[in-house]
Amino acid sequence: MVLCNVECLERISNYLDVSPLPLEMQENVVVATKRESNQKIEGFSSIIQSLIENSKYPDILGVNNEMKALSQQWLEYAVICINYADTPSNAKKVLQELNVTLTDKTYLTGTKKTIADVTLYYALHSIMRELTHQEKAQYVHVSRWFDNMQQEEKLRQQLDLISFDLLHLFL
Amino acid sequence: MNISTNENNPNTLKLIVAAKFAQQAVTVKTVQPKASFLGRLPSIEFPSGLILFSTNAAMQLIIPLSEEFKVVNNKWLEWEISQLQPAIALYGSTGIYKTSQKSCLWSLLKELNNALKDKQYLIKGNNDLSLADICIWVTLWSTIMVTEIGNELNKEYLSIKNWLSNIELLTVIQDSIKEYSFERGLKAILSIQAASWFPVNATLNSKPPKSVDLSPTKEKEIEAVSQEEIRNISNNWSSKSYPDVKNFPYPVLPKKGEKNILITSALPYVNNVPHLGNIIGCVLSADIFARYCRQRNYNTLFISGTDEYGTATEAKALEEKTTPQNICNKFFDIHNDVYRWFNIGFDYFGRTTTPEQTEIVQSFFLKIKSEGFILSESVDQLLCESCDRFLADRFVEGTCPRCKYEDARGDQCDGCGHLVNATDLISPRCKVCGNRPIVKKSQQFFLDLPKLENKLKEWSSKVEKGWSSVARVVAKPWLRDGLKPRCITRDLKWGIPVPIKGFENKVFYVWFDAPFGYISITKKYTKEYQQWWKPKDIQVDLYQFMAKDNVPFHAIMFPAYLLAANEGYTLLKHLMATEYLNYEDTKFSKSRGIGVFGTDARDTGIPADVWRFYLAYVRPETQDSNFNWVDLATKNNSELLNNFGNFVNRALVFVEKYFESKIPAIELQEDDLVLLALAQRELSSYIHALEQAKLRDGLKHVLAISKHGNQYMQFQEPWVKIKGIDDKRRAGTIIGICCNLACLLSSLLAPFMPCTARELRSQLGLQTNNYGYIPDDITSILPTGHKIGKPSPLFKKIEEKDVETLRKKYAGKQDTTNSEEHGDVKSLDNAIAELDTKVKELKAKHDKSGWPSKQVQIFVDLKNKLSDLISEKNKSSELKSKNPENFVPEQNGDISMDVASLEAAITKQGNLVRQLKAKEEKSVWQPEVEKLLKLKKQLADLTGTTPAPTDKKSKKKK
Chain A
1 MVLCNVECLE
11 RISNYLDVSP
21 LPLEMQENVV
31 VATKRESNQK
41 IEGFSSIIQS
51 LIENSKYPDI
61 LGVNNEMKAL
71 SQQWLEYAVI
81 CINYADTPSN
91 AKKVLQELNV
101 TLTDKTYLTG
111 TKKTIADVTL
121 YYALHSIMRE
131 LTHQEKAQYV
141 HVSRWFDNMQ
151 QEEKLRQQLD
161 LISFDLLHLF
171 L
Chain B
1 MNISTNENNP
11 NTLKLIVAAK
21 FAQQAVTVKT
31 VQPKASFLGR
41 LPSIEFPSGL
51 ILFSTNAAMQ
61 LIIPLSEEFK
71 VVNNKWLEWE
81 ISQLQPAIAL
91 YGSTGIYKTS
101 QKSCLWSLLK
111 ELNNALKDKQ
121 YLIKGNNDLS
131 LADICIWVTL
141 WSTIMVTEIG
151 NELNKEYLSI
161 KNWLSNIELL
171 TVIQDSIKEY
181 SFERGLKAIL
191 SIQAASWFPV
201 NATLNSKPPK
211 SVDLSPTKEK
221 EIEAVSQEEI
231 RNISNNWSSK
241 SYPDVKNFPY
251 PVLPKKGEKN
261 ILITSALPYV
271 NNVPHLGNII
281 GCVLSADIFA
291 RYCRQRNYNT
301 LFISGTDEYG
311 TATEAKALEE
321 KTTPQNICNK
331 FFDIHNDVYR
341 WFNIGFDYFG
351 RTTTPEQTEI
361 VQSFFLKIKS
371 EGFILSESVD
381 QLLCESCDRF
391 LADRFVEGTC
401 PRCKYEDARG
411 DQCDGCGHLV
421 NATDLISPRC
431 KVCGNRPIVK
441 KSQQFFLDLP
451 KLENKLKEWS
461 SKVEKGWSSV
471 ARVVAKPWLR
481 DGLKPRCITR
491 DLKWGIPVPI
501 KGFENKVFYV
511 WFDAPFGYIS
521 ITKKYTKEYQ
531 QWWKPKDIQV
541 DLYQFMAKDN
551 VPFHAIMFPA
561 YLLAANEGYT
571 LLKHLMATEY
581 LNYEDTKFSK
591 SRGIGVFGTD
601 ARDTGIPADV
611 WRFYLAYVRP
621 ETQDSNFNWV
631 DLATKNNSEL
641 LNNFGNFVNR
651 ALVFVEKYFE
661 SKIPAIELQE
671 DDLVLLALAQ
681 RELSSYIHAL
691 EQAKLRDGLK
701 HVLAISKHGN
711 QYMQFQEPWV
721 KIKGIDDKRR
731 AGTIIGICCN
741 LACLLSSLLA
751 PFMPCTAREL
761 RSQLGLQTNN
771 YGYIPDDITS
781 ILPTGHKIGK
791 PSPLFKKIEE
801 KDVETLRKKY
811 AGKQDTTNSE
821 EHGDVKSLDN
831 AIAELDTKVK
841 ELKAKHDKSG
851 WPSKQVQIFV
861 DLKNKLSDLI
871 SEKNKSSELK
881 SKNPENFVPE
891 QNGDISMDVA
901 SLEAAITKQG
911 NLVRQLKAKE
921 EKSVWQPEVE
931 KLLKLKKQLA
941 DLTGTTPAPT
951 DKKSKKKK
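Residue numbers (my numbering), protein chains in the order written: chain A, 1 to 171; chain B, 1 to 958.
Everything labelled a hint here was simulated from the structure, so no lab data went into it. Beta carbons: idealized from backbone N, C-alpha and C, even for Gly. Incorrect hints may appear among the rest.
To be verified - Computed beta-carbon distance windows for the label pairs:
1. Pro20(A) <-> Lys801(B): 47 to 57 Å
2. Cys416(B) <-> Asn65(A): 50 to 60 Å
3. Asp165(A) <-> Gly125(B): 49 to 59 Å
4. Asn421(B) <-> Pro20(A): 55 to 65 Å
Using the sequences plus the hints, can you model the full thing?
Dropping the structure here:
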């Protein structure tokens, strides 16, 4: 099913040290907080932004308004595009686009890690895991970014460390 | 602010409205989508140089959201871009706007209509126009309001209608429309489509409506079953018969005109207990493949054995104060037991310390020599005069020429970790007696590989297509970089003697000796071994399984020997190398007690078949993979228990309960044919995968068949139909098909899980002396009236707490010592110092005289402990420096001039490195990487923070 799902949000909550909201996947395949909760929040990006508000790390959305807008842009990209990268043809296009984006950047929004990087790491993990060496080499900037991201143990949680073996990538 | 847009794009209007609202000026430029970033338009450039292609993000930057209504504003903005716009785009290309789905355009409008009831603006309590209002208003007003939907909407959704017309009257809107004029309606929708991408539509469109709700897990798009597939399956079902599996008499020999498959798995070295990675790397992979071949009626011979000669065995014997042969016997039994427990069905599991091996190796050597491929040269070696022997690398110790560490080994220094040449050691000493060895020239034989290079290249270009990709990757550089002569003899005692006068005291090196084990072990199996290895007029396909470290021996050395002998030997055709299996993200280590070893597996209480299943499931086919306890339990519970087990059990219990354990009559209808056609696809893919020994893929196709079966049963609901009188026959058909699929599944699963397959076949009322033929086409296997056996569950649930216990048990000793005994580096330092003194004392006492063997043992133990402690110390200080707990989402703000210039330099150097890495060899970019790292270090020193790691080399231990 879609990649911007409940599991992904729970990992983000963990990462931000906030207790996870009671979440469900609605019939229209959009995540939302459960009906019982006081104020219903609907939508993947909206939930993430409200998680940040409740966390100790407000700056992870971006240190200034421009950075915030950039990371919102990539959260939106996650919802519209990466969400459907669970089919091979969509995955291919998403990886191509991200590869272009990351060609001259350390992180999606430049030189600082934001929530957009964190979110994309979780959403893409199952895709990256299945890539062959050839594909990893093909999307080398995504590979570099992802490998950099996954070095942070707090971020990785229980997820597999994916191998980006230099021998294979540059042969 | 500068807006770039394609022609007629209504989203541009949103930006203009926002700018008007904030009283800022904009310019609008028309460009082609191709020329823009990722093909997205409109995009907007801010005075700072920031460019955004997300209209919504840009609007929020122009007009910051008030804190109070942020959550609900966000919700509607997200709704607009992720649901409304895609639905409108879909309408633009298909004309569809009403379906049963929640996400269709008409339902979305209904949702909006409800939200607008009795409100002037979308956001409750906010009496002003909000960003969400602007955004949704522009989208609707510009597109569907001037299509057929507009008329319908004006009649049905009055709240939207009023809201739309109210907003249209606002001055800010009127001004903006004047500033940016475009054609509303379909043309506007097409303009959005041209400059955006909504993959959700592709996903919705291609799914056949029936299967949408049935797939609980992630699944690939299912292509609709074609009429031709239906015709084929229908023909096969009624007319094709199901073949029997052949009974192969001993000995299995190749036959002309048939498929003859010779399978070997790399000979495990005798002095190690194999771990899970070793097991899936060679013997288990080979076994699964061999079982598959037998069930396909290929003439199949599967052999392996232990590799027993060599220095390591000799050293181990010395350590345990026994003979090498005793060591071999002991470990051979361990290996044999482990493989037997895992149900590895060798035709013969032999060893290399046999007279057959000696005879074959010696005669091969003489033959290769007579063909002119053997050179003789003298080499410098260390000779211990008091022991009267040449010292193999691991029998020498001395001071490291590089770091002056006193106890460097002959092959490697534990102090600095560098490789060492035994002859370069400063003041070398014999590990056995402590005396200083002398350098002496010794005459050795070499295989003249350069002379064989062309033959090898010619052969390899013909066969390498059939190799796994890692095999090709490892083998290629050898031939590309040119081969050098290889020394094939050694001055050792434990090995096969060189049958040449003057060389009686030398033996063959393991590189030369071990590969011939395959031939000699086949000879132990049958006297007719030459029919397999030197076939006349018969095609024999040799498949060799191994982990990637063994590739050079099998891709270069062994073929070189056989080609040099020039007697028509069977050469490797399919080289099936795997990558490495890691254990819970680290490496298996016997000495540190990390990981599950062959002997441990049975103690876990998890059946051998489940181990086989999981190891095949994570087989490192295309890249290193990871063994993970939680994953093991999950796969067991979800794939085996809930998917496979559930399907076959439900089918069999149903037959037992409602049809007196007899297979009911089957009358195929369209739904049944569709299921069988889907299963047929998986079966064809299964065979395609296993023919290339892609075992992991094959296993997934097996599970896909039972998944299809489950969905089919769920959809057809035979338990409902059985109660109706007319429908009882229909229920019979459904369940008859399920039982037939269960029967097919028992054969397909058998190579992976032989015991389970046998159990299932007995529940199906089949003979259990074979596992059934693996057919190309699905046919009816169980005839109407066939009596099944007693069904019972095939799998047990693995509880999370149990795997947690197991995970802890095999997590290694160092974890506990680290936290309890040696909590910090300081106490580790003390422990090391203490041990070091002890070791030095011991050495001082026994410097000249030969050491009593008991003391040797103590010394060796102490030293191992010492090196463990040192590595532990390095590790824990490394951890400290990495400081994983210190979570810093943001860097500190104050930046002095120095920091700024350093950062600039880092960015520049980083770009350079990236460019180089994309194009150049490692030797070119490596120095630049070093520079980059140095710069980062400087920055870190200056700011006192750990720099964000951008280069993997600095992070990963190799």
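Item to check | Indices of hints not satisfied (ascending) | outcome: As far as the earlier hints go, only 1 is violated by this structure.
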